[in-house]
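Novice: The numbering of the sequence shown is the numbering used here, which starts it at 236 and goes up by one.
Don't take every hint at face value.
To be verified - Only pairs whose alpha carbons sit at most 30 Å apart, straight line, appear in this in silico DSS-like list of lysine-lysine:
id, residue 1, residue 2
1, Lys-351, Lys-366
2, Lys-366, Lys-398
3, Lys-351, Lys-398
To be verified - Just the calculated beta-carbon pair ranges, DEER-fashion:
id, residue 1, residue 2, range
4, Phe-262, Met-386, 19 to 25 Å
5, Gly-393, Arg-295, 36 to 42 Å
6, Gly-339, Ser-267, 17 to 23 Å
7, Asp-282, Pro-372, 16 to 22 Å
8, Ile-256, Pro-372, 32 to 38 Å
9, Gly-263, Gln-299, 27 to 33 Å
10, Gln-288, Leu-237, 19 to 25 Å
11, Ala-306, Glu-285, 18 to 24 Å
12, Leu-369, Phe-262, 30 to 36 Å
13, Gly-263, Arg-378, 21 to 27 Å
14, Ser-322, Ala-242, 35 to 41 Å
Hints listed in this document are in silico derivations from the structure and should not be mistaken for laboratory results. Given the structure is predicted, the values throughout are model-derived calculations rather than measurements. C-beta atoms are modelled at their ideal positions from N, C-alpha and C, and glycine is treated no differently.
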Amino acid sequence: MLQTSEALSILDMSGASQANISFITGFGHRISSDDIIGTMLQQFGNDWFENQQAASTAHRFLEQTLTFPEATFDGALVWDALQFLSSPVLEDTVARLMRVMRPGALMLVFFNADEKATRIPVYNYRIQDAKTILQIPRGSPQRCQCFNIRMLERLFEGAASVKFFLTRDHLREVIVRR
């Protein structure tokens with residue numbers, strides 16, 4: 236996708252980083268960032284999963300997340316942020332994400348595939364090169380949801396396609412086409 240000659244608009248949901256900016260703009264594309272993990276830290280404090288249950292906190296989170304105009308992006312690096320959200324914040328965030336993506340846009344999303352894990356590390360993701368992504372620890376481990384393939388299909392049911400890949404390190408890589 237990134238090697239196309241057409242200038243694309245890409246959303247990085249791991250916050251602004253020079254590594255990601257340099258990599259994406261090196262292909263002639265535009266990049267915007269939305270630090271969804273930073274917003275979770277601000278709004279949900281130390282226990283993200285529990286603190287999403289308060290309607291006022293969830294509302295403030297959603298007011299600050301994905302505030303871009305409709306159909307702004309051709310692609311998104313969502314990383315693993317969605318696995319830290321619970322219903323209904325999760326579904327509302329995915330709906331907002333789908334809204335800001337153009338038809339046919341691609342999203343890269345990671346989910347932890349270890350069904351026994353109750354808390355997992357939080358990372359920022361930095362693109363080192365075309366074959367390497369660095370995970371940089373950020374904050375303390377948080378509670379998360381484990382998603383099986385059927386749950387992910389339901390979560391992205393409005394998408395044109397959803398493809399799954401299991402990577403090493405218990406990560407499920409999901410490519411979503413709007």
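Novice: Now tell me, hint by hint, if it's right for this structure.
Specialist: Here is what the structure says about each hint:
no., hint, in the structure
1, Lys-351 to Lys-366, "29 Å, holds"
2, Lys-366 to Lys-398, "19 Å, holds"
3, Lys-351 to Lys-398, "23 Å, holds"
4, Phe-262 to Met-386: 19 to 25 Å, "33 Å, violated"
5, Gly-393 to Arg-295: 36 to 42 Å, "25 Å, violated"
6, Gly-339 to Ser-267: 17 to 23 Å, "18 Å, holds"
7, Asp-282 to Pro-372: 16 to 22 Å, "18 Å, holds"
8, Ile-256 to Pro-372: 32 to 38 Å, "21 Å, violated"
9, Gly-263 to Gln-299: 27 to 33 Å, "30 Å, holds"
10, Gln-288 to Leu-237: 19 to 25 Å, "38 Å, violated"
11, Ala-306 to Glu-285: 18 to 24 Å, "34 Å, violated"
12, Leu-369 to Phe-262: 30 to 36 Å, "19 Å, violated"
13, Gly-263 to Arg-378: 21 to 27 Å, "40 Å, violated"
14, Ser-322 to Ala-242: 35 to 41 Å, "37 Å, holds"
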